[in-house]
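In the order they appear, the protein sequences are chains A and B. Take 382 as the starting number for the first sequence in our numbering and just add one per residue. Take 23 as the starting number for the second sequence in our numbering and just add one per residue.
It is possible that part of the hints are untrue.
[To be verified] These stretches of chain A come out as covered by chain B in the derived footprint (C-beta under 8 Å, 3 or more residues):
| hint | region |
| --- | --- |
| 1 | 385-396 |
| 2 | 428-435 |
| 3 | 441-452 |
Please keep in mind that the hints were generated in silico from the structure rather than gathered at the bench. Quick reminder that beta carbons are idealized off the backbone N, C-alpha and C, glycines included.
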Amino acid sequence: MGDFKFPYFFDYPPYFTLQPVQDTREKQMQLWKELILRYCQHHKCFIINLEQEFPLFQNLSIQRKLSFEAREMFLAALVAEGKAEWLDKAHKKCLVLWRSIQEWSEMILQLVRDNAMEDGVLTLDEIQSGDESRGTELAGIDRFVLVRALKLLEQRGKAAMFKGKAGDDEGVKFSAS
Amino acid sequence: MKRRPGISGLHSAAAARDQYRSVGENVARIRTDLLKEQLATFRTQLEEFARKHKHDIKKNPAFRAQFHEMCSKVGVDPLASNKGFWAELLGIGDFYYEIGVQIVEICLATRSHNGGLIDLNELCSMLSKKRRTSRETITSDDCLKAIDKLKCDGLSFNDFADSSTIRPMTAYLQVLGSGFEVFTVGKKKLVRSVPTELNKDHNQILELAEVRGFVLVEDVERALSWHPGRVIDALETLMKEGLVMIDDGHPDRKRRYWFPCVSLSSSNAEEL
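Chain A extracted, bound-state conformation (with noise of 0.2 Å):
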């Protein structure tokens, strides 16, 4: 994991301040948009707290920093794409599905596959961060999206999660054959 590359529009003070002729705006969006989402996946962050510092909101070496106002915009225009989920009612806390819940239970199937455990147990802590991850893009994965992409999993009749005995962490036992 290399260092992330900023675009440059990142240098530009005028990106950081939320420009009020709509052609203008759009571009804006779309720019960091893509920002957020190419950041986060290459940070493996998948929260973004609206009340909290973000390090990507703000660039020192020009004195600039997005308003509360821009960060929500961006974020809920993420939501409206899909891209992302409001995780509370007051839409502070964000999700970021820089891949989608599809797309993460299709990485587990194939974690699956990779080591023949098609009809194998794992808890959810080896998927997040065991030898059979590790070096994947699963290692690492926020417990909740994890959680989300075996539910889908669930549906589709390849996976069924159980909750181990007290103390023991959540499993899950596939039937991906």
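Once you have looked at the hints, place chain B on chain A.
Showing chain B alone in chain A's frame:
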């Protein structure tokens, strides 16, 4: 064909029809072959004609239009087929044409950022980056020549009235190339690729903006002795045209009006 009454009459009518049909097919086939041969000959003669009258075709729009019509009748597109020969004949596909096409691409790609106005030097450097693989250096003079050619070719392509024989790229150049304008503001040459014309007020502000890439209303008021209303009016028009972006983020809380076309930012050709 004489009609014979009764069933036998029907039979021979059917047989005759069949015979006619097969003869008809043969004739059609022979005719097609003959036609193909004629077309091939015609094409060669057309090329010969073009070679002989190259000068007239290039210089005389009426002559050129008629020549083009001849070509289209035989299904020859002088701008697309047999690239080497026709390209050489009509002077397209050469160095400046190529640069012209790339200039148009760059202007289109940067339009949403700079509103259709770009600094000539910046254009030139983006062009060089784009042509990294070919060893030649592109000077701003080359850019100017290419833009000039775009404008000329833009006009001459109008003579090729039949749009069905103009390649999409050429029609595209025709529309855009004739809209290109190079003008000087202060110390810079700017290339305009949109129809918006800047009035004197706009030009003056643009010139002020060259210093730092942006202006504040008070700067313009002071430098040009204008009423703030006149300044805001001009700036808002420029904003609507996509030539100016606002910036309210400076610690001093004063609004800055940035001009991407004269900005000192380094745009990456590949990114756009």
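Evaluation of the provided hints:
{"no.": "1", "hint": "385-396", "in the structure": "holds (count 8)"}
{"no.": "2", "hint": "428-435", "in the structure": "violated (count 0)"}
{"no.": "3", "hint": "441-452", "in the structure": "holds (count 3)"}
The structure shown violates just one earlier hint, number 2.
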